[in-house]
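Asks: Sequence order for the protein chains is A and B. FYI, the numbering for the first sequence is 2 to 117, going by this note's numbering. FYI, the numbering for the second sequence is 14 to 125, going by this note's numbering.
Heads up, some of the hints might be wrong.
As the list claims (entries may be wrong) - So the derived label-pair ranges between C-beta atoms look like this:
hint	chain 1	residue 1	chain 2	residue 2	range
1	A	R81	B	T39	28 to 36 Å
2	B	G42	A	S59	14 to 22 Å
3	A	L117	B	A66	29 to 37 Å
4	B	E21	A	T8	46 to 54 Å
Please keep in mind that the hints were generated in silico from the structure rather than gathered at the bench. Yeah, the Cβ is synthetic: ideal placement off N, Cα and C, and Gly gets one too.
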Amino acid sequence: EPEVTQTPSHQVTQMGQEVILRCVPISNHLYFYWYRQILGQKVEFLVSFYNNEISEKSEIFDDQFSVERPDGSNFTLKIRSTKLEDSAMYFCASSEGSGANTDTQYFGPGTRLTVL
Amino acid sequence: GDSVTQMEGPVTLSEEAFLTINCTYTATGYPSLFWYVQYPGEGLQLLLKATKADDKGSNKGFEATYRKETTSFHLEKGSVQVSDSAVYFCALSEDYGQNFVFGPGTRLSVLP
Chain A
2 EPEVTQTPSH QVTQMGQEVI LRCVPISNHL YFYWYRQILG QKVEFLVSFY NNEISEKSEI
62 FDDQFSVERP DGSNFTLKIR STKLEDSAMY FCASSEGSGA NTDTQYFGPG TRLTVL
Chain B
14 GDSVTQMEGP VTLSEEAFLT INCTYTATGY PSLFWYVQYP GEGLQLLLKA TKADDKGSNK
74 GFEATYRKET TSFHLEKGSV QVSDSAVYFC ALSEDYGQNF VFGPGTRLSV LP
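If we strip away everything but chain B, and leave its shape as in the complex, we get:
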């Protein structure tokens, strides 16, 4: 079945550091790929999305590129802020699929 793997956390960075959170997936079709963010005590918020190979999703300084050849969708940000501290979930949705498959989440802590 479909699956999503993320790098183990927690990830601790200093403010203004470069962020990469790795995500790889296994899918039978051509999924849409997502990053969701969960701030402490809150629900899941869509961060960005890509629907096909080589698409780049971007939002709030975060970006991720859909790499079909490596089945990856790594999340990057050039300069993190303390307010980016949260849990980040990579997820996929198969073409015309009806449910998301989430990765285990990666906790990011950004120190001032």
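Just chain A, with the same shape it has in the complex:
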């Protein structure tokens, strides 16, 4: 069964450093998403991406964040200058479409980001 994959599973970085989190969505999916979950808290939407551009983003997704689909298979989230409060589990998701029958999002296993 096709699945969303994410690398690395765990990333440790120093405050102020740049990190890139990588995701490979399901191959025939067209919509891609990033969410984050601070330890013990709710899952929060960051950004959605379709047709090579951001379609929606939350207040969390400020200028420090960017997303890119550098090739036909990868979808990346970059945090330009990490802060302590960026420590969280980051989930990538993809969906086939956005209508009622195609909007189910399939999630990757997550990347745990620890900022020291």
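Starting from the known structure of chain A, fit chain B onto it as the hints suggest.
Replies: Positioned in the frame of chain A, the structure of chain B alone reads:
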């Protein structure tokens, strides 16, 4: 804006007990409704889904019915197992919406 409310956890049950986790939502349109499950140390897995009023989603003995009149999507299982111990998230997606709104999650612990 849209929101999802779930019953506060943690919920602790004995094996074979009946489970209900309440979920209610607020939405401007006609959302699809989902339950996702997160096992310890893992990501989010789709458990079940319903796309319109009175639809019942079911999977692995779990079921939930989309109740538009009460804006609810309560999760039920007749007989829980220790392996059902996890965090359960209710979520919605608006028609042609692009992001999910998740509830805060309900932690379920099932004791043998």
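Asks: Could you run down the list of hints and mark each one as holding or not?
Replies: Hint-by-hint comparison with the structure:
Hint check: R81/A to T39/B, Cβ distance near 34 Å, so the stated range 28 to 36 Å holds. For G42/B and S59/A, the hinted distance range of 14 to 22 Å is satisfied, since their beta carbons lie about 19 Å from each other. Distance hint check: the CB atoms of L117/A and A66/B are about 49 Å apart, inconsistent with the given range 29 to 37 Å. For E21/B paired with T8/A, a C-beta distance near 35 Å fails the hint of 46 to 54 Å.
Violation of the numbered hints given earlier is confined to hints 3 and 4; the remaining hints are satisfied by the structure.
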